[in-house]
Each structure stands twice: as C-alpha cells, then as structure tokens.
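Assemble chain V onto chain F, guided by the hints.
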Amino acid sequence: MIKYLLILTFFSSYCFGEMPKERRLKKLSMHLNGQNPSATDYKELEKAQDTQAFFEAKTDEYLSNPRHFEKMNLRLSQLFRLGLAEYIGSFNRNEKNSLNSMFKDISKNNLSWNSLLTGKKYKLYMSSMGFSGNDFGYFGAVLPFKDYPRVERGVLNNSDTILQTKTLETNEEVYGEFSRVHQFESSDMRVAGALTTDRFFQRNVNTGVNKNRKRAASVFRIFLCDDMEAAITSSEDRSDYILDFVFPDTAGMSSTDTTSISLAESAHGQSADCMACHYKLDPLGKTFGGSGNSLAPTAFSGALTYRASNGESVNLPVSGLGELAANIVEQKDYKLCQTKQFWKWFIGEDKYLEEDVHEELVENFDKVDGRVNDFISYMVNRKEFYSITTLSSEAKLAFKVKGTLKNCNQCHDNEGLPSFTKWPIQDSKGDMSHWVGKIGKSLGIGTSERTMPPKEHIWQPSKQDIDDINEWIRIGAPNEQGNRQIP
Amino acid sequence: MSKEIARYLSILLMVFTASNYAIADFSEKQTRYLSYYDITSYFKSIEVYENDCYQNKEGNMVVFGYSSPVTGKPISANPNFDFLNSYLSCLKTDNFENYLNKNIDSELLKKLGSTYHSVDSIEEKVLDQIIDELIFKLIGPEVVLVSYGLIASQEELKNLLKSSAQEIVTNENNKTAKNYLKSVFTLIHLRDEFLSY
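Chains as they are written, first to last, in my numbering: chain F, 54 to 540; chain V, 1312 to 1508.
I should point out that these hints are in silico values taken from the structure, not numbers from a laboratory.
Heads up, the beta-carbon is just placed ideally off N, CA and C, and yes, glycines get one too.
Treat the hints with care, as some may be off.
Calculated cross-link-like contacts (lysine to any residue; reagent style SDA-like; alpha-carbon spacing at most 20 angstroms) [to be verified]: (1) V:Lys1448 - F:Asp94; (2) F:Lys449 - V:Lys1340; (3) F:Lys74 - V:Ser1464; (4) F:Lys100 - V:Phe1447; (5) F:Lys491 - F:Ile526; (6) F:Lys174 - F:Leu164; (7) F:Lys449 - V:Lys1448; (8) V:Lys1384 - F:Leu132; (9) F:Lys393 - V:Gly1383; (10) V:Lys1340 - F:Phe438; (11) F:Lys453 - V:Ser1464; (12) F:Lys404 - V:Asp1336; (13) V:Lys1384 - F:Met281; (14) V:Lys1448 - F:Tyr95; (15) F:Lys267 - V:Ser1379; (16) F:Lys149 - F:Gln255; (17) F:Lys459 - F:Glu408; (18) F:Lys397 - V:Asn1389; (19) V:Lys1384 - F:Arg274; (20) V:Lys1340 - F:Val410.
Examples of chain F residues lying across from chain V (beta carbon under 8 angstroms, computed) [what the hints assert, rightly or not]: (21) Arg76; (22) Leu135; (23) Glu402; (24) Ile441.
Some chain F residues well away from chain V (every beta-carbon gap over 12 angstroms; in silico) [what the hints assert, rightly or not]: (25) Val234; (26) Pro370; (27) Thr457; (28) Thr500; (29) Asn532.
Chain F on its own, in the form it takes in the complex (with noise of 0.2 angstroms):
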C-alpha cells in the first residue's frame, strides 16, 4: 500500500508542473529524431549551466538530424492520408516520388510550411510502371521535352524501356532511380506545390462525378482544417432522391436518361444537404480542371470560396492552382489551422489551445515566415511542451462533446447559426444557455423524439454520444478547461 501511495506521489508532482530536465530532453529527443537520447546528451545535460541554452542548442541539433526529416515526412504523409501500401511491385511510392520529396526537403532545409502549397520546384522520380503513375507522367503535358530522360530510342514511352535502359547523358539507371528537379516559373499558375503532384492526385482520385471536389475537400481539411462529411443518405432501401442524384444506376441508359442524370446532378448540387459542402468545393474543385490523372497544360480558373471562423464569407475568384495557393495561404484560417497541426503534433491534441495562447502562435508563425525548423524550434520550447497537466473528467467530456457537435456545423454552418463548436456560443453564457437548450431537445434529450440529425443524414450520433452530451448540459456545459458555461 505504501508503495503505490509513493508511485502517485511521485506522479502527482509530476502531473501539473514541469518534468525532469532529464524527461524533457527524452522527450525532445524522441519529439525530433525518434530515438533516446545518448549518454552523451545526458551528461551534457548535467553539466549545463543554462539549461534553457542548453536546450535550444539540443534542439538545433535533432533539427538537423536526418531523423527529424523521415519524422516530418511521416507526419505529413498521414496529414495527406497517404495509404498503407506503400509498394507497387519493388518500387516504394512513399519515397521516390515529388511530394514525399517535398516533405523532406522542407524540414531538411528550413523551407516555408507555405511552400506546401506555393511551391514551385519539383523533384521529379520516374518509376518502373512507365509514365502512368509518376512524376514524369504527370507532368507530361507541362514539361519542357529536354527534361525527360532520354534513351537509346529517344524518350522513354514503356516500362519495358525503362527496365532495361540507363539514360543517355549520365549513365544512370532509370528503373525507380532516376530523377530531375524541375523549378516551375514563380508566375506559373498550373503548378501549387503539394497540390500539383503525381502522389496527391493519385491519393485523391478524380471521377466524372466528382469532378475534383475530392481534391479540394482534401485541400479543405488539410489547409483549412475543414473536415467535411458527405452529406449522403444512409437510408437501407438505397430509395432516397439524394443517393439517387450522386450514385444514379447508369446500367443500359439512353441520351435522354444521361440527361436527367445531369440534371439530377445539378439538382444534386443545389440541394440544401449538398449545398453545405459543395458551395465551397465547386469553386475550389474548377482550379483542377482538366486534371484527370495528370496535370492540365493550361490554368484553370475557380475560386476560394468558405466561410471563414470568424464568419466572414470568403469569395476569391482565382486564375489557377498558384493563385488559389497564394490566397490560401494569406488566410488566417490557414494559420489558425497549420498552427493547430503544429500544437497538436508537439505539444498535444489533449492540451487545450486557449485563444490567446492561439494568437500568440499565430504571430510568431508568421514572425519566422513560416519556416518550419524555426517555428519547431518555438514550439518544443515552449513551456506546455515540457509540462503535464491533465485534464479533469469535465474537460474530458468537453473535449468529446465538441468534438460530436462539430458533426452538427457541417450543415448548420451553411444556415447562418452561429458555430455550435464555438464557445461560448454566440460569446455569451446567456445565449450559451439558449443553444445548449435547443441542441438538446433537438437531438431528444428530455423530450420523446430526437429531430436532429435528419434521419437521412450519413452521420448519426451513437448512444454514447447522446448520453455524453445529456450528461455535459447536467453538469453546465463545461468548456475544455472545466469551467462552467450555463448557470
């Protein structure tokens, strides 16, 4: 008994203060590179004088690890959501390729976070599957003939060529190896960064049905931290008019039927349900035309189109892929939102981001423009990264409430109500009070019937989320810090 009284001791004064020094410098350590620290590194811990020198010349270092540039490409690849498989044959499509490129290189050499999206220099590989599904393919219609690897019969034009050939002017073996970089014009308008690569068009795959909106929800809830539902039934019968308009049976169909379902489409597109999300990605989506698997010779125009979180309406009309990016990345969505990633990935997602304290990471992201070594740099030294607080069973149950009702803002969002995620909702305990009040009730709690969501909708709140929230409005709707927001 008196053991484990001696453990949460010890836990406890661990709990809501700083760490060891010992711990922290683990912690960076494993933060930046992915290992434990050396012998070494801990005793030049002891023998430091000033600790937070000593620390920021430790953090310098991992920066400049290898390691550090494989843990940000790791990171990036599941904020892109690349898949598992990882091989296509013997030729690892998570390595050779222009984006994975890209992720290494900006940590690699301190670039801008905004060269993800306003990034013109390419590293371009090619692959043993030929042009189709990799950098050379899909720059095809846009490179200059020079840059293309030349062999015996001239360009490489099938795998079989490029199995057995090496290139004419350096001898090097092409077969998954070879590779070029290309730097775009500054001006030119086809070409964004991450967004105009074999490996993001690849991942979000274009259809005559969704015409490149898939591509801009990706660019949504990567760059604007918009993570948007489909808003498409879940009705069993499979009867229901939306479904029919998004998934129409096109078996044995004649012109006048490839006419309704065109006109189903437009219908598609203006439905109330629909509209919530596609009077963002429409817009955004035409600035990837004529991309099918490949990039488009010319720039095509579109907009940026989102309510901002402020809620301000946004309505940019763009010329092509590199003004959209520019435009993105001057939004102070796009900060609020990458700066997120960054609290998230170091300090942690259970560790609640007060506004100022947001603010305040807003500036000094910009303060660094945007380089991503330097703004590690002010993150792990930063106090929360070496401190443990943990969170009361209130804060708990806020943290999952916001997290369903979130679910909620991606229709009401479009319906000018105020954002339920937002707290104090409409910045005051009083008309806090009213929502939570019609939030319940809407979604049945304390009355016979549950109205909210649509029974059509694709997202419906489990049991637990239902208890969850009836329990967070018995106990006055606490805010992620415990505290109270209606009497």
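Coordinates of chain V only, in the frame set by chain F:
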C-alpha cells in the same frame, strides 16, 4: 494467442501496454506511444530487425499506430494483442548482447552469448550492472523512469525484472544466462516507460 505472447502476458503486471494501466495512446497526445517510424527505425538501429517482420510491413503499420488513410486516426488507439504479436516477432533478441556496452569483459560476453552457461554462473553484481545499463539505454536515467509514475525506483524495476525473468527461464526450463538476459531485454521493451514519451 501465440506462445510468445502468452509467455509475456503471464507477467502482465509488468506490462502496462495493452492493459488498463496504459498511460498513452497512438494519437497525438501529450504522452504518446512511439510512432510507426520510431518503432521500425529502432528495430533497424539495434540490428534486431528481421526480414520476416519487414515483409509484413503494411500489417505492422496498422498495429504500430499508423493513421488510417480514411479517418486520419490510428486504426487502434492503443497497442493491442496484435501489436504485441507483431512487436515481439520483430524484436528478435538472439544477439541482444551486441547491444551492450562494447567495453564489456570479453569472457563475460562469451558467457552471455553461449547457450551453455547458466545464469547462476554469473555474479549477481554483474547481472545488476548489465540490467542497469539496459534500463539506462532503453528508458533513461532513474529520474526519467520514475517520472512516468509507474514505478517508484530503478531498484524496484530491477527486482521486478529479475524475478520475472527468473520465472520465465524456470518455466521454459532454460536457465542459461543468455535466455535470462534475453527475457530482461524483452521485458523492458514492453514497459510504457520504453514505449511512450
């Protein structure tokens, strides 16, 4: 359940991973488990990374906490039995002595590598030094160990490791020094203090 997992689960009290006592998970929390990259590069760095483990790379990515490409969240939040299965199958410990300090006495090294020398033939003081060294290399100095709040002192962990390893080698009827220290080596790898940061 594989024999190997059963062997280590038999001393579950030691293993916080995959139990209700786990202090972290695979998502981006303040305290989190090693990522897929961390685990696999660690295996490579200690040269115990085997081909059969590498062959199952995609399966391992899932159990080692790689995020689902659909949801963006780890497929399993915590290390589960599949994790232990893959982890232990990758963590080949036959040549664990290579991991020890290079200035270790060559005669002793020979004994540790041999399949004939009983653990009883090695002085307890020497065993203690080796275990201390393993704890330092895998977890860190004592202050780091206790900061996790799972154990009160290095001495206590060492005693726990020794008694568990003794239990394992007795059950397996293989009381060689090599088998004993292999067990200690593996047991440390199963601690949350090793697997999380």
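**Prompt:** Can F:Ile441 be said to touch chain V, with a Cβ gap under 8 angstroms?
**Reply:** holds, 6 angstroms
**Message:** Please verify whether V:Lys1340 and F:Phe438 have alpha carbons no more than 20 angstroms apart.
**Reply:** Given that 20 angstroms is the threshold and the Cα spacing comes to 11 angstroms, the pair holds.
**Prompt:** Does F:Gln255 lie within 20 angstroms of F:Lys149 when you go C-alpha to C-alpha?
**Reply:** holds, 14 angstroms
**Asked** Is F:Lys174 close enough to F:Leu164, meaning Cα to Cα at most 20 angstroms?
**Response** holds, 12 angstroms
**Item:** Satisfaction of hint between V:Asp1336 and F:Lys404, Cα-Cα up to 20 angstroms
**Value:** holds, 14 angstroms
**Prompt:** Should the interface hint for F:Glu402 be scored as holding, given a Cβ-Cβ cut-off of 8 angstroms against chain V?
**Reply:** Check passed: Cβ of F:Glu402 comes within 5 angstroms of chain V, closer than 8 angstroms.
**Asked** Quick one, are V:Lys1448 and F:Tyr95 close enough, alpha carbons at most 20 angstroms?
**Response** Given that 20 angstroms is the threshold and the Cα spacing comes to 11 angstroms, the pair holds.
**Message:** Just to be careful, I want the Cα atoms of F:Lys100 and V:Phe1447 compared with a cutoff of 20 angstroms; is the pair within it?
**Reply:** holds, 18 angstroms
**Prompt:** Regarding the pair F:Lys459 and F:Glu408, is the alpha-carbon distance no greater than 20 angstroms?
**Reply:** Status holds; Cα separation ~18 angstroms.
**Prompt:** Taking only the CA atoms, is the gap from F:Lys393 to V:Gly1383 under or equal to 20 angstroms?
**Reply:** holds, 16 angstroms
**Request:** Would you check the hint for F:Lys397 and V:Asn1389, treating anything up to 20 angstroms between C-alpha atoms as holding?
**Result:** Holds, at roughly 18 angstroms.
**Request:** Mind checking the alpha carbons of F:Lys267 and V:Ser1379 for me, to see if they're no more than 20 angstroms apart?
**Result:** Holds - the C-alpha atoms of V:Ser1379 and F:Lys267 are around 17 angstroms apart, at most 20 angstroms.
Of the numbered hints given earlier, the model fails hints 7, 11; all others are met.
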